[in-house]
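Let the sequences and hints guide you as you build the complete structure.
2 protein chains.
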Amino acid sequence: MKNKQFLLKTRPVGTPTRDNWDYVETEVPELADKQVLVKVAFISLDPAMRGWMNDGKSYIEPVQIGAVMRASTVGQILKSNDPKFQVGDYVYGHCGVQQYAVVDTQGLHKIDPSLAPLERYLGVLGMPGMTAYFGLLETGLPKAGETVVVSGAAGAVGTVVGQIAKIKGCKVVGIAGGADKCRYLVDELGFDGAIDYKSENVKKSLKALCPKGVDVFFDNVGGEILDDVLTQIRMKARIVICGAISQYNNTTPVKGPSNYLTLLVNRARMEGIVVFDNVANYPKAAAEMAGWIKEGKLKAKEHVVKGIERFPETLLMLFKGENMGKLVLKVDAE
Amino acid sequence: MKNKQFLLKTRPVGTPTRDNWDYVETEVPELADKQVLVKVAFISLDPAMRGWMNDGKSYIEPVQIGAVMRASTVGQILKSNDPKFQVGDYVYGHCGVQQYAVVDTQGLHKIDPSLAPLERYLGVLGMPGMTAYFGLLETGLPKAGETVVVSGAAGAVGTVVGQIAKIKGCKVVGIAGGADKCRYLVDELGFDGAIDYKSENVKKSLKALCPKGVDVFFDNVGGEILDDVLTQIRMKARIVICGAISQYNNTTPVKGPSNYLTLLVNRARMEGIVVFDNVANYPKAAAEMAGWIKEGKLKAKEHVVKGIERFPETLLMLFKGENMGKLVLKVDAE
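Keeping their order, the protein sequence lines are chains A and B. Following my numbering from start to finish, the first sequence increments by one per residue and tops out at 662. Following my numbering from start to finish, the second sequence increments by one per residue and tops out at 662.
Just so you know, these hints were derived from the structure itself, not from any lab. Treat the hints with caution; some may be incorrect.
[To be verified] Simulated crosslink set (DSBU-like; lysine-lysine; CA at most 35 Å straight-line):
hint, chain 1, residue 1, chain 2, residue 2
1, B, K362, A, K648
2, B, K337, B, K494
3, A, K471, B, K625
4, A, K337, B, K540
5, B, K532, A, K583
6, B, K535, A, K337
7, A, K494, B, K385
8, A, K531, B, K658
9, A, K564, B, K367
10, B, K531, B, K471
11, B, K564, A, K564
12, B, K629, A, K564
13, A, K634, A, K332
14, A, K496, B, K385
15, A, K471, B, K337
16, B, K622, A, K612
17, B, K540, A, K564
18, B, K531, A, K385
19, A, K385, B, K532
20, B, K622, A, K531
21, B, K531, A, K583
22, B, K367, B, K531
23, A, K535, B, K564
24, A, K526, B, K583
25, A, K564, B, K531
26, B, K648, B, K622
27, A, K583, B, K471
28, B, K535, B, K471
29, B, K612, B, K658
30, B, K385, A, K583
31, B, K535, A, K583
32, A, K362, A, K612
33, B, K622, B, K540
34, B, K471, B, K540
35, A, K564, B, K535
36, A, K531, A, K658
37, A, K634, A, K564
38, B, K627, A, K564
39, B, K583, A, K583
The model shown is predicted, which means the values in this text are computed figures rather than measured ones.
Dropping the structure here:
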């Protein structure tokens, strides 16, 4: 049985290119005890992947040179050496960028394709959804009537952050790139406002849309946008640092927030989050989110690209801001 | 009655110079109701003064052009139009950089020169002491056994932060400029270690002195030192942003912390403080600090410069790092 895989060949300097990958065909190995063979259906494309390609200490080990690229996936079990998993079961796990994966069952979770499309378990019902839920509610601590701003607002995490903030009674403004995304946020997801950072002066638009200032800023992008929002924060504001996608492909040092002293003036807080810390509470959060989806309060959107061979270019869509909603790669071309 | 005063003449670009000030002699005005005449004895020199000289929104109004420079002071009442204040009383208040002040009694607090030297009410027993106490204990939240690092460690706030952290059972490392200051921190104040940023590689020295990493960083200086400490923080670290004296005279934008994404990796927090928020709890804090002083656990140090006419140069000592302990200006030359 043949398996197509993307291996990390070299560590990128700046934006990853096709040369950083080896696209190979290998034999699927035999299963050891407590292992299963998974046919991967959808591969999650996440900004964090860029960090995993770098060497050096982070919240997770870097991907080793020559190893299959790490990725969250959903798929179906074709063979099982663990009585807890049956052939035919659908599972979520880190199976990597490949067609077939032989993996330990320890990191796998069963999912139910009758409740939601498979790819949704990589978005609203998966890590991005959990990141939005815990990051906003436990670190952002929004109160009804407060103003919540989210950057990367049309992305997998941002769309969920904004919708949960609306559910909690906040005024919500999203920052995104392009008129289509901004229209989508307001017209489809019910945001109170949206700022197109590609065509607008973010600081001026924030002043106009949030005249009382910003209570909670959920930041996925860093760079100039973080600095612009810092000029508009209110007293005791909470800034949730979820990511900094604008900086991940830098060949120069990360741009630190020059305006961080507004934290002092406003007695405000900037705090980093990593979703894995909340793993014990995922089921409770997932149940609440499923309820909101059922009630129509929380809309899910996935951006599906087809064909595993398109992985390198598809990953770059994240950094170019070309996706709307959760970006996933369907392994099969059809 | 003649009164010598420093008025803000122009707003400085970069480091203030003598040309930014008008040193004038004026008549002392008559007292209105609820006003007193104060003979200023000591003037506090604080990094925050540089910010007050700038135009623009901050946590407090800028000093207006032509106005007496704002300053915390201690002095004695010479005339009173308020029955609550008697001639001869000693008071703390914002009397400004001048020999005599006619002020409303609303912002004045009586102080007792028999309990401590007058100038101490501008240091450990005043704003810097309160800043250290509340910033460290309520925002830094140090626990016994944790590692606390403080920058500007030999300054008015830093000396107190380090000593309180020791009282609370923490390991304490100070960052200061010069061998004398570092020796003072370790030998006189009981810090566990000190790093001379002028002659050492701060990052390397931090690694050596804090091998488990930094739990609490109390930052008075910003710039490169903040960035260096960010590389050494532990999980769930708390960074207290009290000031950024390295950046106050910049003519280029403030250097934002390039390494702020270590907040994310470490689920850490950076939070700004302004001491005035705790005004209701000053008496409780002052009582506890006085107890520590009496027990010999908290040492006070003031750096006294004599003669009001030396105000412009004395203020600059803060930015050159020339003071050890709380810098105050004695109004009289003797």
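Does the structure keep K531/A and K658/B at a Cα separation of 35 Å or less? Outside the cut-off at roughly 45 Å; violated.
Proposed proximity, K564/A with K564/B (alpha carbon, max 35 Å): Answer holds: K564/B to K564/A is near 19 Å, not above 35 Å.
With the threshold set at 35 Å, check whether the alpha-carbon distance from K634/A to K564/A stays at or below it. With Cα atoms ~45 Å apart, K634/A and K564/A exceed 35 Å; violated.
Take the C-alpha atoms of K627/B and K564/A, compute the straight-line distance between them, and say whether it is at most 35 Å. With Cα atoms ~33 Å apart, K627/B and K564/A stay inside 35 Å; holds.
K494/A and K385/B: Cα distance at most 35 Å? Holds, at about 30 Å.
35 Å limit on alpha-carbon distance, applied to hinted pair K535/A and K564/B: Cα-Cα ~33 Å, so holds.
Verify the proposed pairing of K471/B with K540/B, using a straight-line Cα cut of 35 Å. Answer holds: K471/B to K540/B is near 15 Å, not above 35 Å.
Checking one constraint from the list: CA of K634/A to CA of K332/A, max 35 Å. Satisfied? Satisfied, since the Cα-Cα distance of roughly 15 Å is no more than 35 Å.
When you check the alpha-carbon spacing of K362/B and K648/A, does it fall within 35 Å? violated, 65 Å
Does K540/B lie within 35 Å of K622/B when you go C-alpha to C-alpha? Distance of about 34 Å is within 35 Å: holds.
Holds or violated: K385/B and K583/A, Cα atoms, limit 35 Å. Distance ~24 Å between K385/B and K583/A Cα, so the pair holds.
Restraint status (C-alpha distance of K583/A to K471/B at most 35 Å): Holds, at about 32 Å.
In terms of the numbered hints stated before, the structure departs from hints 1, 2, 3, 8, 9, 15, 16, 20, 22, 36, 37, listed from lowest to highest.
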